[in-house]
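Residue numbers (the numbering used here), protein chains in the order written: chain A, 1 to 403; chain B, 404 to 708.
What the hints contain is simulated information worked out from the structure, not anything from laboratory work. Because the structure is a prediction, the values reported are computed rather than measured. Beta carbons are placed, not taken as given, at the ideal position from N, Cα and C, and that holds for glycine. Watch out, some of these pointers could steer you wrong.
Said to hold, decoys possible - Heads up, incomplete: computed chain A residues facing chain B, CB under 8 Å, no partners named:
(1) Lys-70
(2) Arg-77
(3) Gly-81
(4) Thr-84
(5) Lys-85
(6) Gly-98
(7) His-100
(8) Leu-103
(9) Ile-115
(10) Ser-119
(11) Ala-306
(12) Asp-309
(13) Leu-316
(14) Phe-388
(15) Arg-391
(16) Arg-393
Said to hold, decoys possible - Per the computed footprint, the stretches of chain B lying under chain A, defined by three or more beta-carbons under 8 Å from a beta-carbon of chain A, are:
(17) 445-452
(18) 513-523
Said to hold, decoys possible - Keeping only pairs whose Cα atoms sit at most 27 Å apart, straight-line, the calculated DSS-like set for lysine-lysine is:
(19) Lys-145/A - Lys-660/B
(20) Lys-660/B - Lys-699/B
(21) Lys-121/A - Lys-660/B
(22) Lys-454/B - Lys-121/A
(23) Lys-626/B - Lys-145/A
(24) Lys-184/A - Lys-145/A
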Amino acid sequence: MGAAIEIERVSKHFRLNHARADSLKERVVNWRKPSYEEFWALRDVTLHVDQGETLGLLGHNGSGKSTLLKCVAGIMRPTEGRITKRGRIAALLELGSGFHGDLTGRENIYMNASILGFSRKDIDRIFDEVVAFSEIEDFIDNQVKHYSSGMAARLGFAVAVNVEPEILLVDEVLSVGDEAFQRKCLERIKRFQREGRTILLVSHAVDLVRRICDRAAVLDHGQLVAVGEPGEAALAFREYLQHKGVEVPKELEDPQLRRNLRIEITDVDVQYPEPGRTHLAPSEPLRVEVHFCAPEIVDDVVFSIAIHDQDGRMLLGTNTDYTGDDPGFVEGNGTCTFIFERFPVLDGIYSVDIGLHSHDVGVIYDQRAEKDTVKVVSAGRTVGLVDFPVRARIVSSSTPIAH
Amino acid sequence: MTTASPDPVAPSRSSDRDEVSARPGAVRRLRDVWAYRELLGTLVRKELKVKYKNSALGFVWSLLNPMLYLVVFYLVFTYFIPASISYFAIFLLSGLLPYNLFSAGLGGGTTSIVGNASLVTKVWFPREILPLASIGAALVHFGLQLAVLAAALMVFRYPPSWSFLPLIVLALMTLLLLVAALAILLAALNVYARDIEHLLELVLLAWFWMTPIVYPYAQVREKIGDWSLLNPLTSIVITMQRAIWGNHLVTIQSNGKPTQLPAVPDLSQWWYLRNLGFVVVLSIALLMFAFWIFGKLEDNFAENI
Numbered sequence: 001m002g003a004a005i006e007i008e009r010v011s012k013h014f015r016l017n018h019a020r021a022d023s024l025k026e027r028v029v030n031w032r033k034p035s036y037e038e039f040w041a042l043r044d045v046t047l048h049v050d051q052g053e054t055l056g057l058l059g060h061n062g063s064g065k066s067t068l069l070k071c072v073a074g075i076m077r078p079t080e081g082r083i084t085k086r087g088r089i090a091a092l093l094e095l096g097s098g099f100h101g102d103l104t105g106r107e108n109i110y111m112n113a114s115i116l117g118f119s120r121k122d123i124d125r126i127f128d129e130v131v132a133f134s135e136i137e138d139f140i141d142n143q144v145k146h147y148s149s150g151m152a153a154r155l156g157f158a159v160a161v162n163v164e165p166e167i168l169l170v171d172e173v174l175s176v177g178d179e180a181f182q183r184k185c186l187e188r189i190k191r192f193q194r195e196g197r198t199i200l201l202v203s204h205a206v207d208l209v210r211r212i213c214d215r216a217a218v219l220d221h222g223q224l225v226a227v228g229e230p231g232e233a234a235l236a237f238r239e240y241l242q243h244k245g246v247e248v249p250k251e252l253e254d255p256q257l258r259r260n261l262r263i264e265i266t267d268v269d270v271q272y273p274e275p276g277r278t279h280l281a282p283s284e285p286l287r288v289e290v291h292f293c294a295p296e297i298v299d300d301v302v303f304s305i306a307i308h309d310q311d312g313r314m315l316l317g318t319n320t321d322y323t324g325d326d327p328g329f330v331e332g333n334g335t336c337t338f339i340f341e342r343f344p345v346l347d348g349i350y351s352v353d354i355g356l357h358s359h360d361v362g363v364i365y366d367q368r369a370e371k372d373t374v375k376v377v378s379a380g381r382t383v384g385l386v387d388f389p390v391r392a393r394i395v396s397s398s399t400p401i402a403h
Numbered sequence: 404m405t406t407a408s409p410d411p412v413a414p415s416r417s418s419d420r421d422e423v424s425a426r427p428g429a430v431r432r433l434r435d436v437w438a439y440r441e442l443l444g445t446l447v448r449k450e451l452k453v454k455y456k457n458s459a460l461g462f463v464w465s466l467l468n469p470m471l472y473l474v475v476f477y478l479v480f481t482y483f484i485p486a487s488i489s490y491f492a493i494f495l496l497s498g499l500l501p502y503n504l505f506s507a508g509l510g511g512g513t514t515s516i517v518g519n520a521s522l523v524t525k526v527w528f529p530r531e532i533l534p535l536a537s538i539g540a541a542l543v544h545f546g547l548q549l550a551v552l553a554a555a556l557m558v559f560r561y562p563p564s565w566s567f568l569p570l571i572v573l574a575l576m577t578l579l580l581l582v583a584a585l586a587i588l589l590a591a592l593n594v595y596a597r598d599i600e601h602l603l604e605l606v607l608l609a610w611f612w613m614t615p616i617v618y619p620y621a622q623v624r625e626k627i628g629d630w631s632l633l634n635p636l637t638s639i640v641i642t643m644q645r646a647i648w649g650n651h652l653v654t655i656q657s658n659g660k661p662t663q664l665p666a667v668p669d670l671s672q673w674w675y676l677r678n679l680g681f682v683v684v685l686s687i688a689l690l691m692f693a694f695w696i697f698g699k700l701e702d703n704f705a706e707n708i
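Work out the full structure: start from the sequences and follow the hints.
Okay, structure coming up:
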């Protein structure tokens, strides 16, 4: 099969203009002082995407992940290194981009698909499917400028997936549209995967990457810092950021939630049964200490905890209301300890998310997600997810009865 | 791979490895443009549609422009200030139409990359398609205006020079080659210095008056000989004038004495053809240079646009 995309030692040099010197006069007047800052948006990145593989690119804003995608799409040319591909690429860098507002939806489908290399005949063939997928039959002959952003996004996605590219590049676009449409897009992407097509996906959403990608790569300041299983890569991403003392970027958090820091989580401590242990055996006890600081008295507070597996499935979600441990009020420094008598899972790395909010969840004081993990390593050979307490008893006519 | 993409168009369809990061040479560029010719057609249609969207008369506007010229110049130069050039309106349009094509194609082409930022920063296709589409749209207008001119010739029962008529096609192709080379070059430069488009307006104005469109070529030839053929537009314009308007005597001040001279050189088709040949050679050289510059500057279009 071989690689669908080979990125070999690619670097991209950028000049960031402070004040854009767009005119000759400005250039002449300012010819002495360089009014720009130079930096490497990508530095020596080598990455192969196999045919039929879905690779996620993780990284915070400015990490170079979109630049890399643009280089693969051919929109930018790397300063150094080479990128080769096999098969036709369709890039979805922004849904509805390349649409012209003055043209109708129908005309835009023809324009967009021909930009992606489709002939008129080919477009005639896929036209109905595009329209059906985008669910805008009634508006297909209206000008696109009258479309809602969701409609334009649907149309853009519909065109890109229906031109049947061998390689699909996707940048953050799955976060638009309503939930139903997102689900539809995901299903379509899964069909793509089944058909053996290659997908390179850039996303802020660690969860999404974990759910649909075969592998993930982490970029930071233009450098590739990790490549591996999506869960591992997500973990490496967080660890890398923590290691560098960088605050875990906002995009890892739910942007809907606005924090109100009347109580702040100062630290979360995952305690294995004995100090010095790096992992847990299945069904061993576990303590999670949440250290907090409330400068003023807060009398409406709930501590919540959620545990997810690497595929983003929630294994447990509970809070101090459900466990019947309402603290009443808190003030100053304190600790809330979640005590698990047993942690009944088999191998894996599990993320621990903590939230502090009011009883009605109307106010979120603070939260911390995707930062802390529990690692479970099973010595036995049982496979699966849950460490059910199980024994076997075997009876037969010639076997002595065992207790 | 189990899926076969039914796509005869895109050059990347081949199962060989394609280097995305390579800077394609001139030949490859021409091949890419050819492979994307349907997109060129679509973009030309888009430009025309967008231009006349929400206007009731649509294409009629393109026809009105040369009609108005015909009527106004006929009135002015027949009744108010009788020109020394006979059938001045036809003389003028013969030169003005190719100039309009040149100026509209070059003007539109220069701003085409910047104007289509949303495409350039989001999706790959041969970028030269954008200036070429502007030229294509200008060519459609030219065709309409030429039709008006042809209709006027029929109404006035004014016969063109039949033996020179095939030269129109060659002159037009030469003009397209020239304007394509310049538009591709300027479109790329304009991404980095937007002054180009403003500068171009002035240059086009100067260029108009430096080309024998409103005055006969004989006037310049009298002063500086055939040196004015260094202006490539001159070769094209006088060919069009010779083919459509024909040739008439005009009165020129020569050494202080009024002299009767043919407005355009009374020479054979071969002389006109030779001139066009020079322009073709120049345009091809310019086009290669434009491709080379374009290829270099294209690397950073997406970030500078």
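Hint check results:
no. : hint                  : result
1   : Lys-70                : holds (6 Å)
2   : Arg-77                : holds (4 Å)
3   : Gly-81                : holds (7 Å)
4   : Thr-84                : holds (5 Å)
5   : Lys-85                : holds (6 Å)
6   : Gly-98                : holds (5 Å)
7   : His-100               : holds (6 Å)
8   : Leu-103               : holds (6 Å)
9   : Ile-115               : holds (5 Å)
10  : Ser-119               : holds (5 Å)
11  : Ala-306               : violated (37 Å)
12  : Asp-309               : violated (31 Å)
13  : Leu-316               : violated (40 Å)
14  : Phe-388               : violated (40 Å)
15  : Arg-391               : violated (46 Å)
16  : Arg-393               : violated (48 Å)
17  : 445-452               : holds (count 4)
18  : 513-523               : holds (count 3)
19  : Lys-145/A - Lys-660/B : violated (65 Å)
20  : Lys-660/B - Lys-699/B : violated (55 Å)
21  : Lys-121/A - Lys-660/B : violated (67 Å)
22  : Lys-454/B - Lys-121/A : holds (26 Å)
23  : Lys-626/B - Lys-145/A : violated (57 Å)
24  : Lys-184/A - Lys-145/A : holds (24 Å)
Checked against the numbered hints above, the structure violates hints 11, 12, 13, 14, 15, 16, 19, 20, 21 and 23; every other hint is satisfied.
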